[in-house]
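Student: Residues per chain, in single letters:
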Amino acid sequence: MRKPEQELAEIKSMMERSTRFLSLSGLSGILAGTYALIAAGLAYAWVYYPNVPFGTNIELIGQENILGKLLVTAAVVLLFSIGTAWLMSQSKSKKKAQKFWTPASKRFIQALLVPLVVGGIFCLALMSRGYLVIVAPATLIFYGLALINASTFTLTDIKYLGYCQLVLGIISAFFPGYGLLLWAMGFGVLHIIYGAMMYYKYDR
Amino acid sequence: MVRLRVMSILMVNEEYDFNSFKEMLDVTDGNLASHLKNLEKQEYIQVSKSFVGRKPLTNYSATESGKQAFQAHLEFLENLIKENKS
Numbered sequence: 001m002r003k004p005e006q007e008l009a010e011i012k013s014m015m016e017r018s019t020r021f022l023s024l025s026g027l028s029g030i031l032a033g034t035y036a037l038i039a040a041g042l043a044y045a046w047v048y049y050p051n052v053p054f055g056t057n058i059e060l061i062g063q064e065n066i067l068g069k070l071l072v073t074a075a076v077v078l079l080f081s082i083g084t085a086w087l088m089s090q091s092k093s094k095k096k097a098q099k100f101w102t103p104a105s106k107r108f109i110q111a112l113l114v115p116l117v118v119g120g121i122f123c124l125a126l127m128s129r130g131y132l133v134i135v136a137p138a139t140l141i142f143y144g145l146a147l148i149n150a151s152t153f154t155l156t157d158i159k160y161l162g163y164c165q166l167v168l169g170i171i172s173a174f175f176p177g178y179g180l181l182l183w184a185m186g187f188g189v190l191h192i193i194y195g196a197m198m199y200y201k202y203d204r
Numbered sequence: 001m002v003r004l005r006v007m008s009i010l011m012v013n014e015e016y017d018f019n020s021f022k023e024m025l026d027v028t029d030g031n032l033a034s035h036l037k038n039l040e041k042q043e044y045i046q047v048s049k050s051f052v053g054r055k056p057l058t059n060y061s062a063t064e065s066g067k068q069a070f071q072a073h074l075e076f077l078e079n080l081i082k083e084n085k086s
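The listed protein sequences derive, respectively, from chains B and D.
Counting in UniProt numbering, the first sequence runs from 1 upward without gaps.
Counting in UniProt numbering, the second sequence runs from 1 upward without gaps.
The following block holds chain B by itself, in its conformation from the complex (with noise of 0.2 Å):
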C-alpha cells in the first residue's frame, strides 16, 4: 500500500502540470531584454543622440521618418522574443519530456496573446493620431497587466514581473520624457533580471 504522502503529492502534481504551463524557459528572457536593450540604444541614437536620453524633444520623432525605423525595430524586436520564448520553451519541455501543446500552454498563450494584441492595435491607433508621447507607457501597461493575466496559468513567479511593468508604466505616464529609459528599464532590465532568476531557480 502506498503512503498517503505519496499519493497527496501525486494528486497536487497532476492538478499543477495539467492547468501550468511549466516549462517557460529563463535564459530566453534574458536574451529577450538583451534585444530590448540594444534596441533602446538604436532608438536613443535616432531620437536624442548626443543628448542626455530622456526629454520631451518627441517632435524630432516626426523627422526623417525616425517614427517608420523606431517602428520596424520595435517589431523585429518583438517577433525575435516571441521566437526565442517559443523554440527555447519547446526544448524545454522535451528535454523535461513534456509536452510542449497542451490544453494548459494553450490556455496560457491565449491569456497572455488577448491583453498584448489589444494593446498593440490601441498603440497603432495611438501613433497613428500622433500621442506619442503615451506610447511607451501604454505598452509597458498592457504587457503588464497581459502577464498577471497570464500568471494563473504558469509559474505564479511571473505575476511580480507583471506588477513591477504596470509600476513603470504608471510612472512613465506621469514622466512622458523619461518614456525611453523606462521603456529600457522595464522590458531591458526586468526581463534580464526576472530571467536570470528563473534560471537559477528552475532551469539548472
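Heads up, a few of these hints could be off.
[To be verified] Footprint (simulated), chain D over chain B, 3 or more residues, beta carbon under 8 Å:
(1) 17-31
(2) 94-107
(3) 120-126
[To be verified] List time: in silico DSS-like cross-link candidates among lysine-lysine, alpha-carbon distance up to 30 Å:
(4) B:159 <-> B:96
(5) D:67 <-> B:99
(6) B:92 <-> B:159
(7) D:82 <-> B:3
(8) B:99 <-> D:37
(9) B:201 <-> B:92
(10) B:12 <-> D:49
Hint data in this document are derived by calculation from the structure and do not stem from the laboratory.
The beta-carbon is built from N, C-alpha and C at its ideal position, and this holds for glycine as well.
Use these hints to put chain D onto chain B, whose structure you have.
Tutor: Chain D only, in chain B's frame:
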C-alpha cells in the same frame, strides 16, 4: 492509480480530452479507455463527443458525485496522515 490521476485533472479542468489524458498520463489507448469506461460506469465522469473538423474529439468532465467522491478520498487521506502522526 490512473483513475485517481484522471479525477485529479478533472477537479481543476472543466473538461479534458482523451488525447491530452493520454499524453499527460503516459498510458496506452486501451488502458486509458478501460479506466475511463470504469469511471463513467460509476458516474464519476461524463463524456461528450464532438467533431473538430473531421476529427472526433472526446471530452470528459467530472460529475457532482465524482467531485464529492474525490473530496471524500482527500479527507480519507488527510485522516490517515493525522493518525500516523499521533
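Student: Indicate, hint by hint, whether the structure satisfies it.
Tutor: Against the structure, the hints:
no.	hint	in the structure
1	17-31	holds (count 3)
2	94-107	holds (count 3)
3	120-126	violated (count 0)
4	B:159 <-> B:96	holds (24 Å)
5	D:67 <-> B:99	holds (27 Å)
6	B:92 <-> B:159	holds (21 Å)
7	D:82 <-> B:3	holds (12 Å)
8	B:99 <-> D:37	holds (25 Å)
9	B:201 <-> B:92	holds (14 Å)
10	B:12 <-> D:49	holds (28 Å)
The structure does not agree with numbered hint 3 stated previously, though it agrees with all others.
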